[in-house]
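Please construct the entire structure, taking both the sequences and the accompanying hints into account.
Each residue of the sequence shown is one higher than the one before, starting from 146 at the first, in the working numbering.
Keep in mind that the hints were calculated from the coordinates and are not lab data. These numbers were taken from a predicted model, which means no experiment stands behind them. Some hints could be false.
[Unchecked claim] Capping the alpha-carbon separation at 25 Å, the derived lysine-lysine pairs in DSS-like fashion look like this: (1) Lys263 - Lys550; (2) Lys255 - Lys266; (3) Lys325 - Lys336; (4) Lys483 - Lys266.
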Amino acid sequence: MTETVAIPYGLPMERDAGPFDPPRQITRLREARPVSPMVFPDGHEGWLVTGYDAVRQLMADTRFSSRQDIGVLHVPYETPGMPVATAPSPQVPGLFIAMDPPDHTRLRRKLTGAFTVKRMKQLEDHIVDVAERQLAEMARLTPPVDLVREFALPVPSLVICELLGVPYADRENFQVNSAKFLVKDQPLDEKMAAYSALTTYLAELVTRKRAAPGEDILSDLARDDDLTIEELTGAAFLLLLAGHETTANMLALGAFALLENPEQLAELRADPDLLPDAVEELLRYLSVADIFYRYATEDIELGGETIPKGSTVVVSLLAANRDPRRFDNPDTLDIRRKARGHLSLGHGVHLCLGQQLARIEMRAGFEGLLRRFPTLGLAIPAGEVRLRTDMNIYGVHELPVTWTKSDRADPTSHRAIR
146 MTETVAIPYG
156 LPMERDAGPF
166 DPPRQITRLR
176 EARPVSPMVF
186 PDGHEGWLVT
196 GYDAVRQLMA
206 DTRFSSRQDI
216 GVLHVPYETP
226 GMPVATAPSP
236 QVPGLFIAMD
246 PPDHTRLRRK
256 LTGAFTVKRM
266 KQLEDHIVDV
276 AERQLAEMAR
286 LTPPVDLVRE
296 FALPVPSLVI
306 CELLGVPYAD
316 RENFQVNSAK
326 FLVKDQPLDE
336 KMAAYSALTT
346 YLAELVTRKR
356 AAPGEDILSD
366 LARDDDLTIE
376 ELTGAAFLLL
386 LAGHETTANM
396 LALGAFALLE
406 NPEQLAELRA
416 DPDLLPDAVE
426 ELLRYLSVAD
436 IFYRYATEDI
446 ELGGETIPKG
456 STVVVSLLAA
466 NRDPRRFDNP
476 DTLDIRRKAR
486 GHLSLGHGVH
496 LCLGQQLARI
506 EMRAGFEGLL
516 RRFPTLGLAI
526 PAGEVRLRTD
536 MNIYGVHELP
546 VTWTKSDRAD
556 PTSHRAIR
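Below, the structure is given as structure tokens:
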């Protein structure tokens, strides 16, 4: 019988194989036992799921609950990397990512119409314009500049603010507190202070929208008397956080990955029709939202193992997306790969609500960036780029880039990115 995997200092998340690759220990676990028993530092027993097939099966099975009020939740403590078990936390109204059907179904259904493929397609030209304006602002600066600050963060922030009806002038509030909330190793009171600041702001915002709704998604929700202010606040928190943090990190880390793979970058510059496939491959290859928790509500067979009722199950999307049983040469970035079927945007009932929006933002962002700056390059050695290993959504804290001032690509010549 295979020996239980004991992880003495939390999950093995050290990016020891490179800035874009899974930790070697995670990779070894996936190859040896894709569904691995593990022991948390506090002695709590759980499971780590790293194989593609097992992760996909788990995410489609609602018996693996997303609710945090029924399982043992692991939170950071003062000692970095040392998660400790706490009592189950109460459900947060409106935070449907941490709900199961039918509660999840009820709330998600109210938002489905706002994020349909048709509606996102209608917004595509506007999203391209947002990206182009931001690139034009960046082009006026003297390099080197931080691509995160000048491009990767503003574009999705502007778009989600417009969609939700959040004043972009308030971005410092939500960007700073979102970043604080996503820090992994911090005392719980600091995380909750950031969360409280965000939700207090959003509660005031949705209360105003209920009194005087406008033409935006939060106003549409506020018109629904079936939703309480608390539910509106929770939904707004989730949409705002997910709507800018994940795409911002994909744009920055994706640019870093392309610059570190010059052959792939050259291919993409030569043939922009590869953009849709390139975006899917970057989503698979980078998997910026990696670790998720689920809780077994009954004994469940998974990957040849029996997961006992009540078990905490840790899921690694990055490991699953790099599984050689599913993708050939998975640790190679290949923009011609047909990577659809990756799990970066979820699977099952929790498939990302804003997946089409994210794809359009990434296609517009990468197309514009590579066209406007044909000589774009890192301004510092790759080894000096500050990685977000301390955050729950992976990426780079800063990406200093430079270009030659001879870059004179026609800013009006952007092509259709569909």
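These are the hints, each one checked on the structure:
1. Lys263 - Lys550: violated (39 Å)
2. Lys255 - Lys266: Roughly 20 Å between the alpha carbons, so the hint for Lys255 and Lys266 holds.
3. Lys325 - Lys336: Distance ~7 Å between Lys325 and Lys336 Cα, so the pair holds.
4. Lys483 - Lys266: holds (22 Å)
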